[in-house]
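Each chain, letter by letter, is given below.
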Amino acid sequence: MAQVAEALEQEQDAQSVVKKFMFVNRKAPYGTIYALEGLEVVLISAAFDQDVSLAFLDDGVYQLVKGQQTKGLEVKNFSPTYRALEGYDVEKLYVEGESLEARGLREDQLLVPVQVVSAQEMAQLMEQQDVIIGF
Amino acid sequence: MNFGLLINEGPYNHQAADTAYQFARAALGKGHRVQRVFFYNDGVNNATRLTEPPQDDRHIVNRWSKLAADHGVDLVVCVAAGLRRGLVEDNVAPGFRISGLGQLVEAGIESDRFVVFGD
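So the protein sequences, as listed, match chains V and P.
Anchor point for the first sequence: position 78 equals 78 in my numbering, and the numbering is continuous, going up by one each time.
For my numbering, count along the second sequence from 1 and bump the result up by 135.
No lab work stands behind these hints, which were simulated from the structure alone.
A few of these clues could be false.
Stated by the list, open to error - What follows is a set of in silico ranges between Cβ atoms, one per label pair, in the way DEER data are often shown:
#1 P:219 with V:88: 21 to 31 Å
#2 V:124 with P:221: 36 to 46 Å
#3 V:75 with P:189: 30 to 40 Å
#4 V:75 with P:223: 42 to 52 Å
#5 P:193 with V:83: 43 to 53 Å
#6 V:69 with P:167: 46 to 56 Å
#7 V:58 with P:193: 29 to 39 Å
Claimed, not checked - Short, incomplete list of chain V residues facing chain P, as computed with Cβ under 10 Å:
#8 18
#9 27
#10 41
#11 44
#12 91
#13 132
Backbone N, C-alpha and C define an ideal beta-carbon position, used for all residues, glycine too.
Put together the whole structure using the sequences plus the hints.
See below:
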């Protein structure tokens with residue numbers, strides 16, 4: 001990604017401040033562009049060496065479900081990007097248990113290792129953040 | 136206080152751009168600084184100089200341009216989101232510039248409060 005290289009250059013000029021960034025994913029992976037373009041921001045923030053975490057709630061939990069078939073939609077299947085996050089040192093993925101349960105989903109149906117937390121625990125995690133960006 | 140703003144919705148289609156503008160005006164009016172407004176997703180459409188609303192409607196794009204001219208607010212349009220939607224250097228309104236997502240993250244790092252306007 002050209003933007004990652006560009007961000008790395010800008011990062012050298014940025015302050016050496018490390019802030020806690022949380023990206024809150026609330027929407028289904030396909031149907032709108034929020035999840036895809038949101039992931040782009042996650043990758044860039046990792047290039048800035050920030051303390052990045054991802055939260056998945058509401059229909060956002062569908063973003064992590066295995067076995068997405070997007071050919072019929074003629075859109076790119078970006079499930080592999082979630083698997084690549086570990087390589088960017090983005091390893092804190094929190095999934096709200098209530099959202100999973102409400103949709104009849106289980107942790108073993110998800111693409112990547114996550115921490116399932118309660119809505120209350122999610123609220124506590126959000127309180128600890130410096131910057132919260134929702135998509 | 137120094138604010139950074141992110142706008143994720145297009146003008147006219149969604150109130151987010153109006154709310155963000157009113158927020159920026161109010162913050163500046165109280166003596167705060169708005170360092171940067173970053174336009175992402177359909178929010179990039181806030182920057183097209185081809186916008187021509189009916190005369191009895193607000194001109195969202197010109198409002199941003201004036202905010203930049205009057206208060207030195209840095210209006211940044213994401214290059215990748217812009218290209219996807221046909222927004223290039225030739226058609227951005229005065230006061231806007233096109234740059235990368237690093238500018239969004241930098242605003243998050245440098246501002247005291249980073250506020251997101253979206254759906």
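Hints, one by one, checked against the model:
Distance hint check for residue 219 of chain P and residue 88 of chain V: the Cβ-Cβ separation is about 22 Å, which falls inside the suggested range of 21 to 31 Å. A beta carbon spacing of about 43 Å between residue 124 of chain V and residue 221 of chain P agrees with the range 36 to 46 Å that was offered as a hint. One distance hint, 30 to 40 Å for the beta-carbon pair residue 75 of chain V and residue 189 of chain P, holds here, with the actual separation near 34 Å. For residue 75 of chain V and residue 223 of chain P, the Cβ-Cβ distance of about 23 Å falls outside the hinted range of 42 to 52 Å, so the restraint is violated.
Between residue 193 of chain P and residue 83 of chain V the C-beta distance comes to about 45 Å, which sits within the given range of 43 to 53 Å. Checked against the given bound of 46 to 56 Å, the beta carbons of residue 69 of chain V and residue 167 of chain P, roughly 48 Å apart, stay inside it. Checked against the hint of 29 to 39 Å, the C-beta distance between residue 58 of chain V and residue 193 of chain P comes to roughly 32 Å, which is consistent with it. This hint holds: residue 18 of chain V has a C-beta 9 Å from the nearest C-beta of chain P, less than the 10 Å allowed.
With a least beta-carbon distance of about 8 Å to chain P, the hint placing residue 27 of chain V at the interface is held under the 10 Å criterion. Interface restraint check: residue 41 of chain V against chain P, minimum CB-CB distance 6 Å, threshold 10 Å, status holds. A cut of 10 Å between beta carbons decides the hint on residue 44 of chain V: the least distance to chain P is about 4 Å, and the hint holds. Hint status for residue 91 of chain V: violated, given a least beta-carbon distance of 18 Å to chain P, over 10 Å.
For residue 132 of chain V, the interface hint holds, since its Cβ comes within 10 Å of a Cβ in chain P; the closest pair sits about 8 Å apart.
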